[in-house]
Amino acid sequence: MALMAFVRVPARALPRPWALLRGAALGRTEAAAGISRGARRFGSQRVLVEPDAAAGLAVMKLKDPPVNSLSLELLTELVISLEKLENDKTFRGVIVTSGSAGVFSSGLDLREMYGKKPAHYAEFWKAVQELWLRFYQSPLVLIAGINGACPAGGCLLSLTCDYRVLADNPKYLIGLNETLLGIIAPFWFQDTLVNTIGYRAAEQALQLGSLLPPAEALRVGMVDQVVPEDQVLSAARSVMAKWLAIPDHARQLTKNTMRKATADRLLKLRDVDIQNFVSFISRDSIQKSLQTYLEKLKQKKG
Amino acid sequence: MALMAFVRVPARALPRPWALLRGAALGRTEAAAGISRGARRFGSQRVLVEPDAAAGLAVMKLKDPPVNSLSLELLTELVISLEKLENDKTFRGVIVTSGSAGVFSSGLDLREMYGKKPAHYAEFWKAVQELWLRFYQSPLVLIAGINGACPAGGCLLSLTCDYRVLADNPKYLIGLNETLLGIIAPFWFQDTLVNTIGYRAAEQALQLGSLLPPAEALRVGMVDQVVPEDQVLSAARSVMAKWLAIPDHARQLTKNTMRKATADRLLKLRDVDIQNFVSFISRDSIQKSLQTYLEKLKQKKG
Amino acid sequence: MALMAFVRVPARALPRPWALLRGAALGRTEAAAGISRGARRFGSQRVLVEPDAAAGLAVMKLKDPPVNSLSLELLTELVISLEKLENDKTFRGVIVTSGSAGVFSSGLDLREMYGKKPAHYAEFWKAVQELWLRFYQSPLVLIAGINGACPAGGCLLSLTCDYRVLADNPKYLIGLNETLLGIIAPFWFQDTLVNTIGYRAAEQALQLGSLLPPAEALRVGMVDQVVPEDQVLSAARSVMAKWLAIPDHARQLTKNTMRKATADRLLKLRDVDIQNFVSFISRDSIQKSLQTYLEKLKQKKG
Numbered sequence: 001m002a003l004m005a006f007v008r009v010p011a012r013a014l015p016r017p018w019a020l021l022r023g024a025a026l027g028r029t030e031a032a033a034g035i036s037r038g039a040r041r042f043g044s045q046r047v048l049v050e051p052d053a054a055a056g057l058a059v060m061k062l063k064d065p066p067v068n069s070l071s072l073e074l075l076t077e078l079v080i081s082l083e084k085l086e087n088d089k090t091f092r093g094v095i096v097t098s099g100s101a102g103v104f105s106s107g108l109d110l111r112e113m114y115g116k117k118p119a120h121y122a123e124f125w126k127a128v129q130e131l132w133l134r135f136y137q138s139p140l141v142l143i144a145g146i147n148g149a150c151p152a153g154g155c156l157l158s159l160t161c162d163y164r165v166l167a168d169n170p171k172y173l174i175g176l177n178e179t180l181l182g183i184i185a186p187f188w189f190q191d192t193l194v195n196t197i198g199y200r201a202a203e204q205a206l207q208l209g210s211l212l213p214p215a216e217a218l219r220v221g222m223v224d225q226v227v228p229e230d231q232v233l234s235a236a237r238s239v240m241a242k243w244l245a246i247p248d249h250a251r252q253l254t255k256n257t258m259r260k261a262t263a264d265r266l267l268k269l270r271d272v273d274i275q276n277f278v279s280f281i282s283r284d285s286i287q288k289s290l291q292t293y294l295e296k297l298k299q300k301k302g
Numbered sequence: 001m002a003l004m005a006f007v008r009v010p011a012r013a014l015p016r017p018w019a020l021l022r023g024a025a026l027g028r029t030e031a032a033a034g035i036s037r038g039a040r041r042f043g044s045q046r047v048l049v050e051p052d053a054a055a056g057l058a059v060m061k062l063k064d065p066p067v068n069s070l071s072l073e074l075l076t077e078l079v080i081s082l083e084k085l086e087n088d089k090t091f092r093g094v095i096v097t098s099g100s101a102g103v104f105s106s107g108l109d110l111r112e113m114y115g116k117k118p119a120h121y122a123e124f125w126k127a128v129q130e131l132w133l134r135f136y137q138s139p140l141v142l143i144a145g146i147n148g149a150c151p152a153g154g155c156l157l158s159l160t161c162d163y164r165v166l167a168d169n170p171k172y173l174i175g176l177n178e179t180l181l182g183i184i185a186p187f188w189f190q191d192t193l194v195n196t197i198g199y200r201a202a203e204q205a206l207q208l209g210s211l212l213p214p215a216e217a218l219r220v221g222m223v224d225q226v227v228p229e230d231q232v233l234s235a236a237r238s239v240m241a242k243w244l245a246i247p248d249h250a251r252q253l254t255k256n257t258m259r260k261a262t263a264d265r266l267l268k269l270r271d272v273d274i275q276n277f278v279s280f281i282s283r284d285s286i287q288k289s290l291q292t293y294l295e296k297l298k299q300k301k302g
Numbered sequence: 001m002a003l004m005a006f007v008r009v010p011a012r013a014l015p016r017p018w019a020l021l022r023g024a025a026l027g028r029t030e031a032a033a034g035i036s037r038g039a040r041r042f043g044s045q046r047v048l049v050e051p052d053a054a055a056g057l058a059v060m061k062l063k064d065p066p067v068n069s070l071s072l073e074l075l076t077e078l079v080i081s082l083e084k085l086e087n088d089k090t091f092r093g094v095i096v097t098s099g100s101a102g103v104f105s106s107g108l109d110l111r112e113m114y115g116k117k118p119a120h121y122a123e124f125w126k127a128v129q130e131l132w133l134r135f136y137q138s139p140l141v142l143i144a145g146i147n148g149a150c151p152a153g154g155c156l157l158s159l160t161c162d163y164r165v166l167a168d169n170p171k172y173l174i175g176l177n178e179t180l181l182g183i184i185a186p187f188w189f190q191d192t193l194v195n196t197i198g199y200r201a202a203e204q205a206l207q208l209g210s211l212l213p214p215a216e217a218l219r220v221g222m223v224d225q226v227v228p229e230d231q232v233l234s235a236a237r238s239v240m241a242k243w244l245a246i247p248d249h250a251r252q253l254t255k256n257t258m259r260k261a262t263a264d265r266l267l268k269l270r271d272v273d274i275q276n277f278v279s280f281i282s283r284d285s286i287q288k289s290l291q292t293y294l295e296k297l298k299q300k301k302g
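Protein chains in written order, with the UniProt record's numbering: chain P, 1 to 302; chain V, 1 to 302; chain S, 1 to 302.
None of these hints come from the bench; they were simulated from the model.
Do not take every clue at face value.
Pairwise CB distance ranges, derived in the manner of DEER restraints [said to hold, decoys possible]:
hint, chain 1, residue 1, chain 2, residue 2, range
1, P, 283, V, 260, 13 to 23 angstroms
2, V, 261, P, 295, 37 to 47 angstroms
3, S, 229, V, 241, 30 to 40 angstroms
These numbers come from a predicted model, not from an experiment.
From the three backbone atoms N, C-alpha and C, an ideal C-beta is built for every residue, glycine too.
Isolated chain P (complex conformation) (with noise of 0.2 angstroms):
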C-alpha cells in the first residue's frame, strides 16, 4: 500500500456528497467511490495528495483556485482525502498545505450561505463540523504548512492539526477575522483558538476579528513556527519526523484524551449549532450584507 494511483474522485459528480461520508465514517468510502491505488500520487478534484511512503507521510495539496475557499465540495473532499490515508497504514502524519499561490484557503465559501435554501445550509453548516470533528481528531499527526494568506475557517482549519508552520511573508495573515464580516465564529472556533492561545488573547482577536502578520502570530502561539516561504514544506517535514518519533498509539491516546471534552461539546449540541446557524445565516440583515460582500468580491474580480 506504500505506493498510490494518482486518482481523481469525481465529487463533483456525486449528487449527495454527504451520503458518501456517512459511508466513510463507517470506512467504507474507497469501495463506496470506487478508488483504485497503485502509483504515486493520488487525490480528487481539489485536494491532491503526495504520498511519501518512505517519510510515512502524505503532502494534503489544497488546490481549487483561485483561493481554496471552503466549498461544500472542497469541505468534502478534504473529510475523504484524510480519511483514506488514516486508512492506509503507510501513513502516520499528513502535512496540510495549499497547491494555490498566496492563499492557504479563504475560509467558508460565502456563497454557500447566500441565497439558498434552509437545507442546504444545514448541509453545508454540518459538513464544515465534519471537517473539524474529522480534523481535530485525527489519529495522524497534522502539521499545517501554511503557505499563504489564513484567514477565518482557513485559519480554523490549520488550528485543527497538531502544529503550524507559516512562511514570513507580511501578506499571509492568519486569524479568526468573522467579525469583520458581520458574521460569528461559532463556539467551537473559540474553543479551537482559545486551546491554541488561550483565553484572554482569544477573547480580543476573535471580538476584533483580527488577522495577525507572521511575527505577532508567532508571539501569540497562534503559529508555532515562522520561516522563510520557501522552506515552509522542509520545516514541516523536520517537525514531522520529531512527531513521527513517538510511538503512535501512546501519541494518539493522548491527543484524543486532550483534545475529547472540545469535540464532545459540539457532538453534544451538533443539530444545536446547525440550526442557530441556519437561523442566523437566513436573516434579511445578513443575507444583504454576504450579497454587499459578494457583489464587491466580483467587481473586483472583474
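Use these hints to put chains V and S onto chain P, whose structure you have.
Then chains V and S, alone, in the frame of chain P:
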C-alpha cells in the same frame, strides 16, 4: 438622544436600591427613577458620566472620594449608569475611569461587611454580584482607564472590561489581594482572573494576594497597555476607536458566547454564593480582623 | 509539638499499606501506626523529614536510592509523611526535595506495573491517585526544590506543589514523558500540566513526551525559578517565607477553591481510572515493552 442633561440620581435617598435595580433589569430604571435627559452630562452622586456622542462613547468616572470604595450605593449607581448607557443607542462603548485622584477604586467597602446584620451582608453581596454580572456581560465595549491604585474589587471592576489601560505610576498597583486582608476572592473573581491571565498565574497571584506594579501587570497580562499617566484617557479612546470599528452585532454575539459559561456559573450558584459570603463574613474571627483593619484606617486618616 | 523524634515508620513491614492510609484519611494514622515524637527529625525508610519549627516548615527528602522510583511503598510513605505534617500545627509549609544525588524522582516504579496481578496494579494505581490527591490539595504550602532529573511521575509530584525551584543543571530535565515509553499520562496528569503551562503547551509536551532543560522549563512555566544547584534549598526557603506571610486560612480556602474542580474530576472517575489503568497495563503489548525496558535498565546497572 445624543445630548444628555446633567442629572444627579439621588441614590442615597432611595430606601431600597435593589427594588430600583430589579426595575432596571427590566429596562424600567429611568422611568422609575424619573431621570430626564438633555444637555451635556449626566450622572449620579458618585458616578459621573461624560458623553461623547460624536465618538459613540461615554466616559464613566467613579467619583466617590476619597478612594471610590465600592459601597452598596456606589455599586448600585454604577449598574444604573451602565444600564442607562446600554439603553441609549448613542453609546457603543464606555471608558470606565476614576475621578478621584490617585485611586481607581480601593475595592469593596469594608464598612459594608462589618457590624451589620446578615440581611445587609446579603444585600451588599448581591449588589457586588450584580455589578460583575452586568459589567462582565455588557453588550457595550468597556475599556478601563486605570488612573490610580486598583486593588481587590477595584481590580475586579477593571477585569470585567474588554481592555485595560494602566497609568505608568509605580504607586498604581493592581491585583486581587483579598488574602492579605484575611478574606478570599470568591470563585467568580477567580474565574475572571483565570480568564485574563491564565490558571497558573492566577492561582499564584490569588494565593499571595499579589499587587502588581505596571510593568509586571503588563507582563502577566493583568492589563493590556501601560501608558504615561496623562495619556490614559487618550490611549483608551484610541483603543475604543479600534473596537468600535467592528460591527456591533457580531462583536456582541462573540463576547456573549465567550463569557456566557463564566457568567452562568455564578448565575447558577448565586444564592449559595450569597449564603457563603454571609456565613463567612459573620464569623467572629473575620469581624474581629475587619474591626482591627478599619480602626487602623481611621487612625491613618485621623 | 515543635520538636519531633527521629522515627522510622516500618512501612515495608505493613501488610496492607492502604489499610493504614484509610486510617490516615480519618486522621488516625499516627495512633494506628504508634508513632511517637520528640526530637529533631522524623521520617520513614524512604522519606526523610527535617523539621524547622522556627520557620514553620519542614524539608521532606525523598531518599530511596538509586533514583527515588515511586514504588507502592514510597508513595505510601510520602502520603503518611505529608499527613503527619498537616496534623501538626507547627508546620505551615513543606519543601519537597530529593536526598538522592542527581535525581528528584525517576517517576512511577515500572516494576510495580510489570508481571504482577491485576489486584496489585489496582492497588498501585490507587496509591498514585492518593499521592496526587493529597499533595495537590494539601492545605500546607508546598514548594518543590527540584535538585535532579524530574521525569514522568517525578514531574507530576513537583506539579502538585505551589511553586517549583529547579537547579540549573542541563542534565536535570523535567516533563511528563510517558509517551516515550509507549504509555500515557492519564487525564489528571494532563489536567495538572494544563493548569501549569496552559492547554497548547501541554498538548504538545504531552504528545511529544517532552523533557525540558531548565531554561526551557522556565520559559514555558513548567517551573517558576531556576537557580544555581547549590541554592535550590535557600531559594525554596525564601519563596516559602513569602508564602507563609499570607494568613493561612485565606490562602488555604483560595487554593482549595482553585484546585477543587480538577481534584473532583479524578474523585468522580477514580474507579474508572483504576480500571482503565489495570486494563491498559495488563495488555500483552504493554507488558512486553515494559519487559524490554526493564531488561535494558538492568543491563545498564550491571
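Each hint tested on the structure:
1. P:283 / V:260: 13 to 23 angstroms: Distance hint for residue 283 (chain P), residue 260 (chain V) holds at roughly 21 angstroms.
2. V:261 / P:295: 37 to 47 angstroms: 38 angstroms, holds
3. S:229 / V:241: 30 to 40 angstroms: 53 angstroms, violated
Taken one by one, the earlier hints fail for this structure only at number 3.
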